[in-house]
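Engineer: Work out the full structure: start from the sequences and follow the hints.
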Amino acid sequence: MHIGVAVGNLGFSIGRLIDPLDHAALVYRIGDAAEELGFHSVWVGDHIALPRTPTTPYPYGGFMVNPDTSMLEPFTVLAALAGRTERVRLGLGVVVAPYRHPLVAAKSIATLDALSHGRLIVGVGTGWMPEEFAAVGASFPSRGRDTDACLAVWTTVFATGSLDGMTVLPRTVQQPRPPLWVGGNSDAALRRAVRWADGWDAPYADPEALRAGLVRLRAACAAGGRDPASISISVRGIAAASVDEPLVESYTALGVTDLGVTLPYGDPDGAVAELAALAARCPTG
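Position one of the sequence shown corresponds to residue 1 (our numbering), numbered consecutively onward.
A few of these clues could be false.
Label-pair ranges, simulated between beta-carbon atoms [what the hints assert, rightly or not]: (1) Ala24 x Pro51: 22 to 28 Å; (2) Ala149 x Asp198: 18 to 24 Å; (3) Thr160 x Asp227: 24 to 30 Å; (4) Pro51 x Asp164: 32 to 38 Å; (5) Ala229 x Ser250: 16 to 22 Å; (6) Thr167 x Pro54: 38 to 44 Å; (7) Pro67 x Ser250: 34 to 40 Å; (8) Ala219 x Pro170: 16 to 22 Å; (9) Ala80 x Leu103: 30 to 36 Å.
Hints are computed from structural coordinates only; laboratory data are not their basis.
Ideal Cβ positions, reconstructed from N, Cα and C, are used throughout, including at glycine.
Structural biologist: Structure below.
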């Protein structure tokens, strides 16, 4: 089982206003600790702007996002961590594909893969906040179609270094592309994982919820002509304090290869201590 760590770039769990330099120090500290303790990967989430009066609850927990939450941009954070680390893998978990032009995003991904010497994992989602789509000039109703179009561009650019008569270099270090995980629990997300991805990321799924999701994934594989064994399974968003060997064994029995944990980011000392405790009781790499 690979265990990865969310570095807290979105700050949802910090629980208080945070100074930008303090926030930067937090993600550096978590990234450094994950590298030193032998964890497999570190992960960043993706938000750009938040509405003062949000209308949509978070689909995996129901809470309304605090508009005063500090959010560090994910590509920039991973670029900084790439320069501070040598071993730990770097994950976009998940990048909201429709927020950026697919060619611009492809360039950022290839650059990160080069800066990290081929350590990047690309998690992809469609997004869920209508106000944020409007803020960046993206279409909320067409987010699924736009995500598929983005994945098509990435697949071509990463493998060939070109698109529509234009060179797009460098190609990614990992060929034909960095590992691509599609996140989400909807039927559309499962179909997208079957069509495009190396893995399905089931956020916040406990073993029972994951078992039900795997039944749906196998059905999507049958409909799409894909061998389910060719799709790796990851679960992220699990509190580190709740992870022990029996839980890891439960997920392993279901075929999970990657587990992503969260920490008490409002207390950086406590977060690092919790990460060290997890490394002591469970294999991390």
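Engineer: If a hint holds in the structure, say so; if it does not, say that too.
Structural biologist: Consistency of the hints with the structure:
Between Ala24 and Pro51 the beta carbons are some 25 Å apart, a value that agrees with the proposed interval 22 to 28 Å. Take Ala149 and Asp198: their Cβ atoms lie about 19 Å apart, and the range 18 to 24 Å holds. Between Thr160 and Asp227, the C-beta spacing of about 25 Å keeps the proposed range 24 to 30 Å intact. Separation of Pro51 from Asp164 is about 36 Å and conforms to the stated range, judged on CB atoms against 32 to 38 Å.
In this structure the supplied range 16 to 22 Å holds for Ala229 paired with Ser250, their Cβ-Cβ distance being about 20 Å. Roughly 41 Å separates the CB atoms of Thr167 and Pro54, a value that falls within the hinted 38 to 44 Å. Pro67 and Ser250 have their C-beta atoms about 37 Å apart, which keeps the hinted 34 to 40 Å range intact. Ala219 and Pro170 have their C-beta atoms about 39 Å apart, which leaves the hinted 16 to 22 Å range violated.
In this structure the hint that Ala80 and Leu103 lie 30 to 36 Å apart at CB is violated, the actual value being about 23 Å.
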